[in-house]
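Chemist: Residue-level listing of the chains:
4 protein chains.
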Amino acid sequence: MIPKVIVDTDVGLDDAMALFMLIKAHKEGHIDLVAITTVHGNTTVDNVCKNTVRTLEATGVTGIPVFKGAHSSLVEPFIHKEPFHGWDGFGDVVFETVSDVSILEEEHAVNGLIRLVNTHPGEISIVAVGPLTNLALAMRMDPMFASKMKSLYIMGGNTEGVGNITIAAEFNFHCDPEAAFIVLKNTVVPTVIVAWELCYKHCEISWEWRKKKLGGLNTPQSQLLNRIESQYMEKETFPTWLICDQIAAAAYIDPGVITRSSEHFATVELTGRFTRGMMVVDHGKITKEKPNVTIVERVDVELIKDMLLWGADDSNSTYKVPV
Amino acid sequence: MIPKVIVDTDVGLDDAMALFMLIKAHKEGHIDLVAITTVHGNTTVDNVCKNTVRTLEATGVTGIPVFKGAHSSLVEPFIHKEPFHGWDGFGDVVFETVSDVSILEEEHAVNGLIRLVNTHPGEISIVAVGPLTNLALAMRMDPMFASKMKSLYIMGGNTEGVGNITIAAEFNFHCDPEAAFIVLKNTVVPTVIVAWELCYKHCEISWEWRKKKLGGLNTPQSQLLNRIESQYMEKETFPTWLICDQIAAAAYIDPGVITRSSEHFATVELTGRFTRGMMVVDHGKITKEKPNVTIVERVDVELIKDMLLWGADDSNSTYKVPV
Amino acid sequence: MIPKVIVDTDVGLDDAMALFMLIKAHKEGHIDLVAITTVHGNTTVDNVCKNTVRTLEATGVTGIPVFKGAHSSLVEPFIHKEPFHGWDGFGDVVFETVSDVSILEEEHAVNGLIRLVNTHPGEISIVAVGPLTNLALAMRMDPMFASKMKSLYIMGGNTEGVGNITIAAEFNFHCDPEAAFIVLKNTVVPTVIVAWELCYKHCEISWEWRKKKLGGLNTPQSQLLNRIESQYMEKETFPTWLICDQIAAAAYIDPGVITRSSEHFATVELTGRFTRGMMVVDHGKITKEKPNVTIVERVDVELIKDMLLWGADDSNSTYKVPV
Amino acid sequence: MIPKVIVDTDVGLDDAMALFMLIKAHKEGHIDLVAITTVHGNTTVDNVCKNTVRTLEATGVTGIPVFKGAHSSLVEPFIHKEPFHGWDGFGDVVFETVSDVSILEEEHAVNGLIRLVNTHPGEISIVAVGPLTNLALAMRMDPMFASKMKSLYIMGGNTEGVGNITIAAEFNFHCDPEAAFIVLKNTVVPTVIVAWELCYKHCEISWEWRKKKLGGLNTPQSQLLNRIESQYMEKETFPTWLICDQIAAAAYIDPGVITRSSEHFATVELTGRFTRGMMVVDHGKITKEKPNVTIVERVDVELIKDMLLWGADDSNSTYKVPV
Ligand SMILES: [Ca+2]
Ligand SMILES: [Ca+2]
Ligand SMILES: [Ca+2]
Ligand SMILES: [Ca+2]
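These protein sequence lines are chains A, B, C and D, in that order.
Anchor point for the first sequence: position 196 equals 196 in my numbering, and the numbering is continuous, going up by one each time.
Numbers in my numbering are just positions in the second sequence, counted from 1, shifted up by 323.
Numbers in my numbering are just positions in the third sequence, counted from 1, shifted up by 646.
Numbers in my numbering are just positions in the fourth sequence, counted from 1, shifted up by 969.
These are computed hints drawn from the structure, not numbers from a lab.
Among these hints, one or two may not hold up.
[What the hints assert, rightly or not] Subject to a maximum C-alpha distance of 30 Å in a straight line, what follows is the list of computed DSSO-like cross-link-like pairs (lysine-lysine): (1) D:K1254 / A:K235; (2) B:K628 / B:K535; (3) B:K643 / B:K350; (4) C:K727 / D:K1257; (5) A:K212 / A:K235; (6) C:K931 / B:K404; (7) A:K305 / A:K211; (8) D:K1050 / C:K934; (9) A:K201 / D:K1050; (10) C:K831 / D:K1154; (11) C:K847 / B:K613; (12) D:K1274 / D:K996; (13) B:K524 / B:K613; (14) D:K1119 / D:K1254; (15) B:K611 / A:K81; (16) A:K235 / A:K81; (17) D:K1050 / A:K185; (18) C:K673 / C:K857; (19) B:K508 / C:K847; (20) D:K1119 / D:K1259; (21) D:K1254 / A:K305; (22) A:K201 / D:K1259; (23) B:K404 / A:K290; (24) B:K608 / C:K951; (25) B:K473 / B:K643; (26) A:K285 / D:K1204.
Here the structure is a predicted model, which is why all the values come from computation and not from measurement.
Same shape as in the complex, but just chain A:
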């Protein structure tokens, strides 16, 4: 049976590329992308819906239902100051066309998640690459939701207290710390974490490769990415091209991506003055808590690069999803 997956996303530059990879795998019949659920995060949920539709359009794939999800973090709305992905989540590019959001489902993403997971208990994995608000709401609306997923892949959190949005917190977790806390507290299925330190320290891809190789493809996917990442590529905000959500997508599609991982008990700090939203990992086995997450420590960067080209529909790609 083809593995079923829902991607929960706040598209987003890296979300778009992650979606391309998941949709490619869907198109090739390796996975069944049963739904895309959207969530506030990089921008408003309304913008995220538009970006999701535009991303889908670039792939030419139709028929994957898109659900609109949570508009706000659970407890405190996150206030953007300098949104990394632009105010609209897509680099504030002016597009010639308008996203056709009429294709959105009427059902709320949280109800969609609950319905689908209950319809296929134990069969649906979720790749969550935005704030975890939808998943937390689903866990609170349906006490059995957590146990009916098949597995959970999360891009979010940090493992060494390194922050990218506050001094000690990663964006997705900090954006909705209570949601992240709820998800880690209640997860009972295999839960794989792609955390910030992995992304910025152990997955180096050169700007040159990004611009010439990935950016040089003559495909709608590559062209969309080049437009939305144009400011990012110009500024070269980081020493290398950073990818985040793409790693979570790759790790879900192809387990060979993960070359080192470890199991830990992890939770999320909610009340810290400096550390609110930080993922707290019991590295030293100080608590008696059982491991609840698998933390990805190292990835096969060359394999991921192959998958990125494949996901961007490179006609020369020889990458094959393992069966």
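With chain A's structure known, arrange chains B, C and D with the ligands on it following the hints.
Modeler: Just chains B, C and D with the ligands now, with coordinates in the frame of chain A:
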């Protein structure tokens, strides 16, 4: 037009009496009780559903839809130590009959709340006499929910830092502090608070009146109350018979109940070591925040006593709901 | 034996009047004011020292040693925005003379407190009418300090969550919450609290009385008070003239001042987002903690007014300190 | 001029070896160890005083004044559950002799620190290898203390959120989080941090070396260490012999020890539920705060091993303190 109301409740001893009053007003055509939504709190939400059905049965009224709501507080489940209302919320009485929970709606209470309030925007008041989890979830699922209620009556919180479950917090708010915070933060319709200090200091009803007068009625309502409050009446846990949810119901049904009130900005402490769940009231107008709640300071206790007898179906009652 | 007392103060408008009363009692031989220790609070500790000297000068009394104490709150310096007592603590009045701070002791106030209390174990009461930094430091420098005082009178904290500097905290406690926490946690001698609610709700003295009666006295004390309180009297910031430190001084000098009090367990919230610095009182006896403070609930306002006139050296005063 | 240093310590197994190294350098005339100040931490301050005297006795050096310091953390006393260093800080060994604590100075360590640093402004470095209570008190007693040190070497805190006493905190910082916060907040002189991750990950010394090489020396120092570490060596609690305070002492004595370091802004979390006491390092330069600490990232382990043998008075040691 008859005022529409939904009661959100964790039945519970005082919730049962509050329901009797609201159902009586419904029966007499003064209000339209369009739904009862249940929530965890005094006991599990499953017990609350059973208790709600049993309460309805005692009134002989049928046709009011009952929805099952949140099973857990948003962030941290509340752990009961010595549940005031008994482990089952109804004084751990052994009943001869089983509650017919088959009458429960299939729709989740939160979805029911959202659907009903959207169907009748600006028309439905909510009387919330349990932890505010359902309302908070509704506000997070639907960004317009808060503005589409007509008004909100809450039994919960405290105004002078007096606790009844921790040193500084009242039960309903402490049970789900984040939910209380979300509701107070997002409320935009008139919001009336019946807080703990009002209940225990300014609404004294003697045990004698409770036992002889209210308890002496030969009605199914009075008999149910006597059974579920039998331990409470025996122990006389407090110097007088304490009522809480009944005051919120009475204040909704008959504005004459409120003899003094004031408007304040109020919020809920989430991070305090001692004060988590405490309602924080800006008595001194220190913040620049606009008032978001009306705090009931004094009530007409004799009027409430009349309403209690009326609610318990006393055939001698001369109480009339004002039109 | 004449009771020994040290006053710990951040002079301060109300501190000055409180000092006048204590110095008067000292002059009349009813108490032995063995030291005045100064502390940051209403203004910098250097300004407080100047104000203390000026206050002493107005009484003509010499020989009471003055010690300079803590310059900063323990953990986080308090940042003034609109200092109630003026930037210099004395209404920003321009005086013709310079305070002779050369009379200050060389020894640090905390060392002075420790030395004096150890020299007279069980004999010295402390009247603390500023932030509790000095006392907390003394308790941390000398593990026996707390048990060697005779008694402790504190103006500070609140009993009903009413704030005067933040939404939920009183100035003296909020200014150094950790110090207040340490003092309440470690106190073992009788500890009397004059809290904010008592001052603003239950000790009403009219502006007219302040201005005509107290302000009309032709004494150096009254004249100093009139100068430093001139802005305060002009603005009439509150409906009545508020006194705070004066009540603590009066209660120490004459127990008849206290007409109602109760014993409670009390502590101080440190981590609350809204409630940091709030005194948390176990009104409901929810914790198992033993009472550690006596909270003054009502005072004899007329007696206090008599004492104020007496303290300001009114030649017509008939007030007598009880022996 | 010979560099002056004060060591502030909660002796302790690793403190004893650190003291041996500092005393050896003192004896050889490379440093002037002007005082040892003691502080609660691994055990009570009274036990620490005894252990300090016993450590001094093993070296045969006399004339270094020892001051007794803080008996308790500033805000909340730390409660030991399974003290790593034994209940008495010295492995609960039964000694034949009693420590002669009559040699202790009468002056409190905090006053001693303030006096010495004021007597030699800009000349005295402090090597702090226990909870930072004494230093925090000195900074609060004397506003100029922080600026009058020469430099500060701290063993404490963590850099990657790895805990050794709670899930996210290192012992010395967690033992008195407010003190650590105060010291990092107020430090203005060069401040070098030897954090937990350095100790357990980047300074591996085999148990065999510890037992045979260091433990095989026939010196009073080695013999004392073998006795107090006998349980530790038997259990081999960690995969290698962990050293902590020794690294801070070595880094102070010989700058060649530090092979890699970086400058950061760092502070201490006080309010986190999971992260209280964690050092928060601005790895990502997210805040605008200027660096306040130099974090030691790597050390020359072989050099440290040479220094350990030299400190333990190995007659074959060829180690020379650089001039
Ligand atoms: Ca994303
Ligand atoms: Ca209730
Ligand atoms: Ca004062
Ligand atoms: Ca140590």
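Chemist: So, for every hint listed, does it hold in this structure?
Modeler: Hint-by-hint comparison with the structure:
1. Taken as a hint, the K1254 of chain D and K235 of chain A pair is honoured in the structure, with Cα atoms around 17 Å apart against an allowance of 30 Å.
2. This hinted pair checks out: K628 of chain B and K535 of chain B have alpha carbons roughly 13 Å apart, not beyond 30 Å.
3. For the hint pairing K643 of chain B with K350 of chain B, the CA-to-CA distance comes to about 13 Å; that is within 30 Å, so the pair holds.
4. Restraint check for K727 of chain C and K1257 of chain D: satisfied, since their Cα atoms lie roughly 23 Å apart, inside the 30 Å limit.
5. For a cut-off of 30 Å, the pair hint linking K212 of chain A to K235 of chain A stands: about 16 Å separates their Cα positions.
6. Taking the CA atoms of K931 of chain C and K404 of chain B, the gap is about 16 Å. The hint holds against a cut of 30 Å.
7. Distance restraint check for K305 of chain A and K211 of chain A: the Cα-Cα separation of roughly 13 Å lies within the 30 Å cut-off, and the hinted pair is therefore satisfied.
8. With a CA separation close to 23 Å, the supplied pair K1050 of chain D and K934 of chain C stays within the 30 Å bound.
9. The straight-line distance between the Cα atoms of K201 of chain A and K1050 of chain D is roughly 37 Å, outside the 30 Å bound, and the hint therefore fails.
10. The hinted pair formed by K831 of chain C and K1154 of chain D meets the criterion: a straight-line CA distance of about 25 Å does not exceed 30 Å.
11. This hinted pair checks out: K847 of chain C and K613 of chain B have alpha carbons roughly 23 Å apart, not beyond 30 Å.
12. At roughly 19 Å between alpha-carbon atoms, K1274 of chain D and K996 of chain D fall within 30 Å of each other, so this suggested pair holds.
13. A hinted pair counts as satisfied when its Cα atoms are at most 30 Å apart, and K524 of chain B with K613 of chain B qualifies at roughly 27 Å.
14. A distance of roughly 27 Å separates the Cα atoms of K1119 of chain D and K1254 of chain D; the hinted pair therefore holds under the 30 Å criterion.
15. With a C-alpha separation of about 23 Å, the suggested pair K611 of chain B and K81 of chain A falls inside the 30 Å cut-off, and the hint holds.
16. Proximity of K235 of chain A to K81 of chain A is assessed by CA-CA distance (about 18 Å); at most 30 Å being required, the pair is judged to hold.
17. Restraint check for K1050 of chain D and K185 of chain A: the C-alpha separation of about 26 Å stays at or below 30 Å, so the hint holds.
18. Note on K673 of chain C and K857 of chain C: the hinted pairing holds, with a Cα-Cα distance of about 26 Å set against a maximum of 30 Å.
19. Restraint check: the Cα-Cα separation between K508 of chain B and K847 of chain C comes to about 29 Å, which is no more than 30 Å; the hinted pair holds.
20. The straight-line distance between the Cα atoms of K1119 of chain D and K1259 of chain D is roughly 19 Å, inside the 30 Å bound, and the hint therefore holds.
21. Restraint check for K1254 of chain D and K305 of chain A: the C-alpha separation of about 28 Å stays at or below 30 Å, so the hint holds.
22. With a CA separation close to 23 Å, the supplied pair K201 of chain A and K1259 of chain D stays within the 30 Å bound.
23. About 25 Å separates the Cα atoms of K404 of chain B and K290 of chain A, which keeps this hinted pair within 30 Å; it holds.
24. Taken as a hint, the K608 of chain B and K951 of chain C pair is honoured in the structure, with Cα atoms around 28 Å apart against an allowance of 30 Å.
25. For the suggested pair K473 of chain B and K643 of chain B, the alpha carbons sit about 23 Å apart, so the restraint of at most 30 Å is met.
26. The hinted pair formed by K285 of chain A and K1204 of chain D meets the criterion: a straight-line CA distance of about 18 Å does not exceed 30 Å.
Violation of the numbered hints given earlier is confined to hint 9; every other hint is satisfied by the structure.
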